[in-house]
Amino acid sequence: MPVIGAPMFIVSTPKLVIAQCKAGIVGSFPALNARPASQLDEWLAQITEELGKAARANPQAKIAPYAVNQIVHSSNNRLEADVALCVKHQVPIIITSLRPPAEVVSAVHAYGGLVFHDVINLRHAEKAAAQGVDGIIAVCAGAGGHAGLLSPFALVKQIREVYPGTIILSGAMSSGADVLAARALGADLAYLGTRFIATDEGNAPPEYKQMLIDSAAEDIVYTSLFSGVNGNYLRGSVAHAGSTPITFPRRTRQK
Numbered sequence: 001m002p003v004i005g006a007p008m009f010i011v012s013t014p015k016l017v018i019a020q021c022k023a024g025i026v027g028s029f030p031a032l033n034a035r036p037a038s039q040l041d042e043w044l045a046q047i048t049e050e051l052g053k054a055a056r057a058n059p060q061a062k063i064a065p066y067a068v069n070q071i072v073h074s075s076n077n078r079l080e081a082d083v084a085l086c087v088k089h090q091v092p093i094i095i096t097s098l099r100p101p102a103e104v105v106s107a108v109h110a111y112g113g114l115v116f117h118d119v120i121n122l123r124h125a126e127k128a129a130a131q132g133v134d135g136i137i138a139v140c141a142g143a144g145g146h147a148g149l150l151s152p153f154a155l156v157k158q159i160r161e162v163y164p165g166t167i168i169l170s171g172a173m174s175s176g177a178d179v180l181a182a183r184a185l186g187a188d189l190a191y192l193g194t195r196f197i198a199t200d201e202g203n204a205p206p207e208y209k210q211m212l213i214d215s216a217a218e219d220i221v222y223t224s225l226f227s228g229v230n231g232n233y234l235r236g237s238v239a240h241a242g243s244t245p246i247t248f249p250r251r252t253r254q255k
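Heads up, the sequence shown is in the working numbering, so the first residue is 1 and it goes up one at a time.
Hints in this document: simulated from the structure, not taken from any laboratory. Ideal Cβ placement from N, Cα and C applies to all residues, glycine included. All clues stand as given, with none of them false.
In the DSBU-like style, the derived pairs of lysine-lysine whose C-alpha atoms are separated by at most 35 Å in a straight line are: (1) Lys22 - Lys88; (2) Lys127 - Lys157; (3) Lys22 - Lys157.
Here are the simulated distance ranges between beta carbons: (4) Ala23 - Pro205: 22 to 32 Å; (5) Glu80 - Ala57: 34 to 44 Å; (6) Asn76 - Ser224: 13 to 23 Å.
Modelling step: build the complete structure from the supplied sequences, incorporating the hints.
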């Protein structure tokens with residue numbers, strides 16, 4: 001399916017990635033989720049082995065490749081070692097964030113892998129394209145975590161006018177209808193994260209999963225106060241982190 005399961009802090013682990021890939025979508029996880037750092041080698045070996053075993057057991061199955069997210073920033077002192085492990089295991093797709101990833105592109109292209117890069121505006125997209133990335137992830141309004149404010153109608157069109165490669169659309173999508181709409185806008189793939197948190201394989205506590213189910217669009221808070229970079233957060237999660245434990249009231253939804 002034309003879907004990438006977005007890499008999510010804490011939530012995305014091999015269990016979720018393997019389930020996503022077996023279901024026919026690209027599963028991914030942040031390299032920094034593997035703690036201690038030595039665990040990354042084990043995770044990559046586990047994912048490669050289990051997906052290979054599944055493919056051999058059912059040659060007709062359309063098992064998707066997997067991806068690893070790398071934070072390309074001076075604050076990430078694991079970057080060089082983590083990329084080296086991805087090269088060792090020949091990870092099919094590397095998703096890069098923050099800084100244009102020239103050195104990562106070179107390392108990944110050396111073994112035939114692909115690099116997709118997060119952007120929130122056209123200027124960032126042009127910088128990434130100049131570094132030779134294979135795909136650009138347009139992180140638009142409503143995307144979870146660090147995100148921009150541009151409408152997908154604007155950003156996808158702008159990127160497509162200057163970039164012939166793969167475009168992946170991120171932002172407030174959670175259904176098959178959303179994936180269809182992303183394709184109609186001109187994107188090649190849809191980037192879905194939150195939808196996969198409240199799954200059996202999502203590494204999140206039951207209370208958080210229930211909060212997601214009970215939340216709506218008006219519960220999203222856009223702020224730079226937590227990391228210095230603008231991002232979307234759930235109001236209930238912010239309140240829970242800054243106070244004594246609270247309960248999240250269930251919403252009554254009309255069908």
